[in-house]
Structures are given as C-alpha cells and as structure tokens.
Amino acid sequence: MHGVAAPKLRNPARGPDALQRFVRRAGQDAAGTNPTAMRNPQLHAALAAFAEEAAFQLSSDTAGGAEVPFEVVELAGGRREAPLYCYRPLTASFIDERLSILGRLPTFLPALHALTACGGLDAYLVSRGESRVSPQPRARAEQALRLFLTRVFEDVGDFELSPHRLGKAYEELEAVVMDGRALTEVVAPLLGLALGSDEVALGDGLTLVRAEACADAPADAVREREDGHGIVLARLTWEAAPGDEAPLRHAQVRLRRLLTTLRLYDAAGIVLARTAWTRTGGGSWQPFALAGGATPRGVCVIPPQQEDELRAFLSLIARRTPRSGELAWALHRFELATDRERPSEALTDVLLALRALLEPEGTQTGRLAGRVAALCAIPEQRAEITERIAHLVALERSVVAGVAPDDAALEGLVDELTGWLRALLRDVLCGHLDSDLRTLADAMLREEDARQQTVV
Numbered sequence: 000m001h002g003v004a005a006p007k008l009r010n011p012a013r014g015p016d017a018l019q020r021f022v023r024r025a026g027q028d029a030a031g032t033n034p035t036a037m038r039n040p041q042l043h044a045a046l047a048a049f050a051e052e053a054a055f056q057l058s059s060d061t062a063g064g065a066e067v068p069f070e071v072v073e074l075a076g077g078r079r080e081a082p083l084y085c086y087r088p089l090t091a092s093f094i095d096e097r098l099s100i101l102g103r104l105p106t107f108l109p110a111l112h113a114l115t116a117c118g119g120l121d122a123y124l125v126s127r128g129e130s131r132v133s134p135q136p137r138a139r140a141e142q143a144l145r146l147f148l149t150r151v152f153e154d155v156g157d158f159e160l161s162p163h164r165l166g167k168a169y170e171e172l173e174a175v176v177m178d179g180r181a182l183t184e185v186v187a188p189l190l191g192l193a194l195g196s197d198e199v200a201l202g203d204g205l206t207l208v209r210a211e212a213c214a215d216a217p218a219d220a221v222r223e224r225e226d227g228h229g230i231v232l233a234r235l236t237w238e239a240a241p242g243d244e245a246p247l248r249h250a251q252v253r254l255r256r257l258l259t260t261l262r263l264y265d266a267a268g269i270v271l272a273r274t275a276w277t278r279t280g281g282g283s284w285q286p287f288a289l290a291g292g293a294t295p296r297g298v299c300v301i302p303p304q305q306e307d308e309l310r311a312f313l314s315l316i317a318r319r320t321p322r323s324g325e326l327a328w329a330l331h332r333f334e335l336a337t338d339r340e341r342p343s344e345a346l347t348d349v350l351l352a353l354r355a356l357l358e359p360e361g362t363q364t365g366r367l368a369g370r371v372a373a374l375c376a377i378p379e380q381r382a383e384i385t386e387r388i389a390h391l392v393a394l395e396r397s398v399v400a401g402v403a404p405d406d407a408a409l410e411g412l413v414d415e416l417t418g419w420l421r422a423l424l425r426d427v428l429c430g431h432l433d434s435d436l437r438t439l440a441d442a443m444l445r446e447e448d449a450r451q452q453t454v455v
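Per numbering that gives the first Met the number 0, residue 0 is the first one in the sequence shown, and the count goes up by one each step.
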C-alpha cells in the first residue's frame, strides 16, 4: 500500500562556518570521541558536505510541494484480530527521482572524486544489496554515493540532517572500503603554477590546492612564496593495501607524471620543490626528497573557467602516454631538458628528442632542421626556421667543445626549439598528428616542392 507524505518545512540555510561545525560534529559521531580515528578524513569531509547540501535541496523540494511516497507495513507483534501497521517513507525512491538535480550540486563532484579514489567500493555496494556492480570506476562511485545518501535518510519522514545518522552511515561505509587499508597522503609544492580557485580536483586521489586553503598542510610546505602568487600544492591521497607498491615510490611516479603533463600543457616551466611531505592514517607529516629544485620560467595561471580543460587534458595525456618506443624516449628527453638549469645543457636533450622522432636515419642525413620546420612553421617561414635549427645543431657541437656562446645568448633559441618539441609531443599524444612524424614531414616537403615546380 502506498501513499504520499505531507511536505516538510525547509531546513534553514547555513553559512560556511556552520557547515564546517556540522562536518566536525559528524566526524566526532563517526569516530566516537576521537575524530582523528577516522582513517579517511578527506572522504568523510567530502561526503558530509554533499549530504548537507543534498539535505537542503531535498527539504526545499518537499517544502515546495514534492511528496515523499510511503508504504504501509505490518509490525511484528500485533494480534491476528488487531494487526499493527506503520507508515514507512520511501526516501530511496524520492532521492532516485532527483539524482540529476543532486548531481548539479557544487559538492557532488568532490564527493564523487573522493569515492572514486577508494578501493573496496564493490564490497560496499554488495553489502547495501546491489546485485549489479558497474565495471566503470565513476559509475561505481555514483552508485555508492546514491546508496550512502539513501542510508543517511533511511526510514525518516523528513530531510533534517542529523550528525548521528550521518556519522553512522559513514562509519558503515568506511568499515567496508577501508578494510585492511591505510590512507596515505602526500603534498608537494608546485612552483610556476597559480590557481583561481582554492582547489582543483583532478581525479584518482589527486588535487591541486592553494596552500592557504589547505588548513592541515605541513607548515614548511607553505613557508616560501612566489612573487605575486601563493604556493600551489599537489595533494595525492590513496589507500595502501598490504603488499602494495612502496608509498614513496608510488608518490614519486604520480607526481612526476603530473609535472610532465603540466609542462606539456603550458610553457611556464612548472617545477616541483625539492621536498615533499607524507603521512599515513592521519599521523604527523614526514618530509622526503624529490628530484626537483629547478627554477620556473614563468607562471601558469589556471582560472576557474579553465579547470575543466585542464582536467580533460591531463586525463587524455595519462591515457595516451606510451611506456616504450621512440615517443616515450623523446618524452623522457623533454622531461630532462625542462629540468635543466642552463640552456646549453638542455640543448642536447631537445635535439636528441627531435632526432628520435624525425631523424631515425642518423644525423649524417642533415634532414632534422627541414622536417621540424615542415611541421612547425608556415610555408613562408620554413626556410628561416630551417636555418635557425641548423644553426642550433652547429651550436651543439660548440657546446661539446666548450666554445659555445654564454647561456644568455642561447636562452631564446633553446626556448624556441623546446617549444617546437613540446608542440609536437602534445599534438601526437592528443591525436592531432600521426606518431610517424618523419613520414608526415617528408610528405609535406614533397607537396611544397611540387607546388614550387608548378609555379615555375
């Protein structure tokens, strides 16, 4: 038997400070009297913030006339001649009908990213009665978020969010997804990068966050400031299970891939600081060394309207980056070149990368300059660019012999050559150019020769 419940009054709006107090209270409920007992405080904060916003939205809907369906169920213990019944609100159905609205809340994506980074979602979904578990990480996280929210408001007739109910629902989720795992966190300062927002979630446990917005960051990570811009931290969180890769090795690989992709995204020469910090299970921060320390050549500013573009670029490069072959080798030389302090040291790295992509026959052919110009310059400028690249090839021999011009004279030329390499790598990895750049360049040169002969 089904019916509808009367609409409830809307929850009063709460400001950011009240929301933070609510999250802390819910954390204390989830962890008893010790909030730090939670093994994944970032996950808890993201889910609590989403549940709070969802409660406001759902309460507003009921106050506006939306009706929560209910069913009448017979209570155990009643007599046959006089059975007892009660009304059970079908809050799960009400929430399911509004998933598209809830998915547009500002806290939805942070909560989804936090869940996506968790292991053990399959077990949680099964424990909540899901018979079909999606093989896609995002879809699994969406399922888990829906079930978590349903659990928070299960069998209640309104959407007033109780810290106790939120804490109980979170405790059930964390007990499953964190079984046998330890939350590991790493923060590393990025120099040469500035954010318009306090943080940018990149997915898979990786976030870019302004240091001043990261209240629990180690003090030494935010001590130094760039001119005109605050420090940006790369924050990486994941759940380490017994037998997983060593945490520091895992962090170093992830941070290095992030840095390489950011350098492909922008020519500012973003660098990692020499020191990063890590902690496990909410313990104290411990420093460890990174192979960083170069000086950025500028500042890449990411305004809020550019964040989706950055996320899409990072995701695409991560999926398409090869682990072996000429392109992977050239990408590694690009990384080495952008780590160099001196242009004279970077020159050979850049030329080696370009030769791997465009001159497999060997340097004796002398075809590198013309092929780079064919791909990177408009026809009217190809002769000029070819000459400049040939000049740089000759300068490399001077660098080896120790008679090259000083770095100030080389800097502009090497930056230009590095920019061409960066553009080629980007276009190949993004699928705009075929990976066989040599064949493509030769075809373009033949077409140009044919046009010139036709004109003559």
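Be aware that one or more of the hints could be misleading.
[As the list claims (entries may be wrong)] Restraint-style ranges between C-beta atoms, simulated for each label pair:
| hint | residue 1 | residue 2 | range |
| --- | --- | --- | --- |
| 1 | Arg-248 | Cys-429 | 54 to 60 Å |
| 2 | Gly-401 | His-249 | 38 to 44 Å |
| 3 | Pro-105 | Ser-130 | 18 to 24 Å |
| 4 | Gln-380 | Asp-426 | 27 to 33 Å |
| 5 | Glu-340 | Cys-429 | 50 to 56 Å |
| 6 | Gln-363 | Arg-248 | 37 to 43 Å |
| 7 | Gly-64 | Leu-247 | 36 to 42 Å |
| 8 | Ala-266 | Val-399 | 22 to 28 Å |
| 9 | Gly-297 | Ala-442 | 31 to 37 Å |
| 10 | Gly-361 | Ala-122 | 30 to 36 Å |
Note that these hints are calculated values from the structure, not bench results. Glycine included, C-beta positions come from ideal geometry on N, C-alpha and C.
Now for the hints, and whether the structure bears them out:
The hinted range of 54 to 60 Å is not satisfied by Arg-248 and Cys-429, whose Cβ atoms lie roughly 29 Å apart. A C-beta distance of roughly 41 Å is found between Gly-401 and His-249, which places it inside the suggested range of 38 to 44 Å. Under the hint 18 to 24 Å, the C-beta atoms of Pro-105 and Ser-130, about 32 Å apart, miss the expected range. Take Gln-380 and Asp-426: their Cβ atoms lie about 18 Å apart, and the range 27 to 33 Å is violated.
Distance hint check: the CB atoms of Glu-340 and Cys-429 are about 29 Å apart, inconsistent with the given range 50 to 56 Å. For Gln-363 and Arg-248, the hinted distance range of 37 to 43 Å is satisfied, since their beta carbons lie about 41 Å from each other. The supplied range of 36 to 42 Å is broken by Gly-64 and Leu-247, whose beta-carbon atoms lie about 56 Å from each other. Our hint of 22 to 28 Å for Ala-266 and Val-399 holds, since their Cβ atoms are close to 27 Å apart.
Roughly 35 Å separates the CB atoms of Gly-297 and Ala-442, a value that falls within the hinted 31 to 37 Å. Checked against the hint of 30 to 36 Å, the pair Gly-361 and Ala-122 fails, with Cβ atoms roughly 56 Å apart.
Of the hints listed earlier, those the structure fails to meet are numbers 1, 3, 4, 5, 7, 10, in rising order.
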